[in-house]
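Residue numbers (this note's numbering), protein chains in the order written: chain E, 1 to 185; chain B, 1 to 185.
Calculated from the structure, these hints are not laboratory results. Keep in mind that a hint or two might mislead.
[Stated by the list, open to error] DEER-style ranges, computed between Cβ atoms:
(1) B/Met114 / E/Asn113: 33 to 41 Å
(2) E/Lys130 / B/Trp185: 30 to 38 Å
(3) B/His78 / E/Ile23: 32 to 40 Å
(4) E/Gly43 / B/Glu93: 36 to 44 Å
(5) E/Leu59 / B/Asn29: 33 to 41 Å
(6) B/Leu30 / E/Ile118: 37 to 45 Å
(7) E/Glu58 / B/Arg55: 45 to 53 Å
[Stated by the list, open to error] List of simulated lysine to any residue pairs, SDA-like, C-alpha gap at most 25 Å:
(8) E/Lys85 / B/Trp140
(9) B/Lys182 / E/Pro4
(10) B/Lys183 / E/Val158
(11) E/Lys182 / B/Lys183
(12) E/Lys103 / E/Asn164
(13) E/Lys182 / E/Glu94
(14) B/Lys182 / E/Ala80
(15) E/Lys182 / B/Lys68
(16) B/Lys153 / B/Ala80
(17) E/Lys183 / B/Gln21
(18) B/Lys183 / E/Ala112
(19) E/Lys85 / E/Pro4
(20) E/Lys85 / E/Asn117
(21) B/Lys183 / E/Gly116
(22) B/Lys68 / E/Trp140
(23) B/Lys183 / E/Pro156
(24) E/Lys85 / B/Lys149
(25) E/Lys182 / B/Ala90
(26) B/Lys69 / E/Asn164
(27) B/Lys68 / E/Ala160
(28) B/Lys149 / B/Thr24
(29) B/Lys182 / E/Gln61
(30) B/Lys182 / E/His84
(31) B/Lys153 / B/Pro14
(32) E/Lys183 / E/Gln61
(33) E/Lys182 / B/Tyr152
(34) B/Lys16 / E/Asn76
(35) B/Lys183 / E/Lys85
(36) E/Lys130 / B/Val158
(37) E/Lys182 / B/Lys182
(38) B/Lys69 / B/Glu93
(39) E/Lys3 / B/Lys182
(40) B/Lys153 / B/Lys68
Source: prediction; values computed, not measured. We put the CB at the ideal spot given by N, CA and C, even for glycine.
Number of protein chains: 2
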Amino acid sequence: MKKPSIYICLVHYPIKNQNNQIITTSITNLDVHDIARLSTTYGLAGYYIVQPLNRQRELFQELIDYWKKGVGANYNSHRARAFHKVRMVASIEECLQDIGIDKEPIVVATGANMQGNIGYLQLRELAETKDILILFGTGWGLTDDITYKAHYKLDPIVGADDYNHLSVRSAASIIIDRLCCKKWW
Amino acid sequence: MKKPSIYICLVHYPIKNQNNQIITTSITNLDVHDIARLSTTYGLAGYYIVQPLNRQRELFQELIDYWKKGVGANYNSHRARAFHKVRMVASIEECLQDIGIDKEPIVVATGANMQGNIGYLQLRELAETKDILILFGTGWGLTDDITYKAHYKLDPIVGADDYNHLSVRSAASIIIDRLCCKKWW
């Protein structure tokens with residue numbers, strides 16, 4: 001039997017803004033780079049970027065191709081390898097279709113203010129037998145609707161006190177490390 | 001007795017480039033933001049940015065002041081709070097002086113290809129009684145000289161296979177989480 005896989009999905013729509021309205025955010029260059037490098041370091045199966053705006057997908061596909069096949073690939077071959085994990089899609093549905101409907105991955109929502117219903121040890125265990133898709137929100141986080149539809153809500157990262165405002169790059173790094181790292185404790 | 005403190009130091013000089021030469025790298029905007037937010041989330045005592053070029057320190061001090069006191073502070077008060085942890089210094093020596101020579105923090109070097117001599121559990125334990133300063137290199141990492149002079153070399157983050165090219169933002173996030181998080185395992 002094939003080893004199960006973990007996928008990351010970075011969502012730019014539908015997303016909440018500061019005032020709890022539903023918006024589309026822009027793709028940012030370092031989200032693409034940092035999370036691609038993270039995904040490759042931890043051997044994830046794929047890194048999906050959800051962006052409904054065609055022009056944005058095209059622009060960033062060009063950037064990815066530069067590092068995969070263009071001048072960038074000669075300058076830094078590590079970057080080329082990382083970018084083979086990245087897929088641009090228009091919606092979360094397209095991401096699920098691309099993974100393969102037969103795979104039926106367990107969808108896990110993340111968020112700083114979430115009331116979690118699964119912990120890191122539990123999810124590590126689940127990932128031994130099931131494919132897992134982890135959703136990360138940009139802006140002010142995933143919408144309630146997306147969170148509600150997910151199979152699980154992951155326990156949020158808890159800091160030293162009430163302040164909990166990590167960038168999505170930091171949050172994704174910490175969560176993937178907790179789920180995929182070799183045991184160090 | 002005062003609880004000991006953990007400090008982060010992001011080094012832009014002396015740093016290695018791709019060809020093992022000693023260089024100065026530029027401060028990047030998202031290193032300032034992401035690691036400030038990380039430091040505040042985990043209750044660190046300070047986040048030092050080592051940059052010998054005056055003009056760069058001035059430029060980024062302006063940026064920090066914008067978020068601490070300017071228009072940015074009204075737009076996003078979380079960002080203002082995060083930036084109170086950030087200090088610009090010209091050298092690692094100035095960072096140590098600012099922490100206070102009497103504190104004699106334990107200096108810990110980090111790096112992806114390091115032969116570590118301290119693990120995460122050990123360093124968590126040490127941090128209960130001693131102040132700790134963790135050095136992160138930009139570019140292709142801390143110089144051998146800096147690493148050699150540190151009290152400890154932290155075990156590198158190990159990924160799924162031979163690929164290990166995290167951004168410094170990701171590496172700092174993962175390492176601080178491992179050292180400071182509440183036990184989840």
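A quick look at each hint next to the structure:
no.	hint	in the structure
1	B/Met114 / E/Asn113: 33 to 41 Å	holds, 36 Å
2	E/Lys130 / B/Trp185: 30 to 38 Å	violated, 20 Å
3	B/His78 / E/Ile23: 32 to 40 Å	violated, 18 Å
4	E/Gly43 / B/Glu93: 36 to 44 Å	holds, 40 Å
5	E/Leu59 / B/Asn29: 33 to 41 Å	violated, 20 Å
6	B/Leu30 / E/Ile118: 37 to 45 Å	violated, 30 Å
7	E/Glu58 / B/Arg55: 45 to 53 Å	violated, 37 Å
8	E/Lys85 / B/Trp140	holds, 23 Å
9	B/Lys182 / E/Pro4	violated, 28 Å
10	B/Lys183 / E/Val158	holds, 10 Å
11	E/Lys182 / B/Lys183	holds, 16 Å
12	E/Lys103 / E/Asn164	violated, 34 Å
13	E/Lys182 / E/Glu94	violated, 31 Å
14	B/Lys182 / E/Ala80	violated, 36 Å
15	E/Lys182 / B/Lys68	violated, 39 Å
16	B/Lys153 / B/Ala80	violated, 33 Å
17	E/Lys183 / B/Gln21	violated, 35 Å
18	B/Lys183 / E/Ala112	holds, 17 Å
19	E/Lys85 / E/Pro4	holds, 16 Å
20	E/Lys85 / E/Asn117	violated, 29 Å
21	B/Lys183 / E/Gly116	holds, 16 Å
22	B/Lys68 / E/Trp140	holds, 20 Å
23	B/Lys183 / E/Pro156	holds, 13 Å
24	E/Lys85 / B/Lys149	violated, 38 Å
25	E/Lys182 / B/Ala90	violated, 37 Å
26	B/Lys69 / E/Asn164	holds, 21 Å
27	B/Lys68 / E/Ala160	holds, 21 Å
28	B/Lys149 / B/Thr24	holds, 19 Å
29	B/Lys182 / E/Gln61	violated, 39 Å
30	B/Lys182 / E/His84	violated, 34 Å
31	B/Lys153 / B/Pro14	holds, 17 Å
32	E/Lys183 / E/Gln61	violated, 36 Å
33	E/Lys182 / B/Tyr152	holds, 21 Å
34	B/Lys16 / E/Asn76	holds, 15 Å
35	B/Lys183 / E/Lys85	violated, 31 Å
36	E/Lys130 / B/Val158	holds, 23 Å
37	E/Lys182 / B/Lys182	holds, 18 Å
38	B/Lys69 / B/Glu93	violated, 28 Å
39	E/Lys3 / B/Lys182	violated, 30 Å
40	B/Lys153 / B/Lys68	violated, 34 Å
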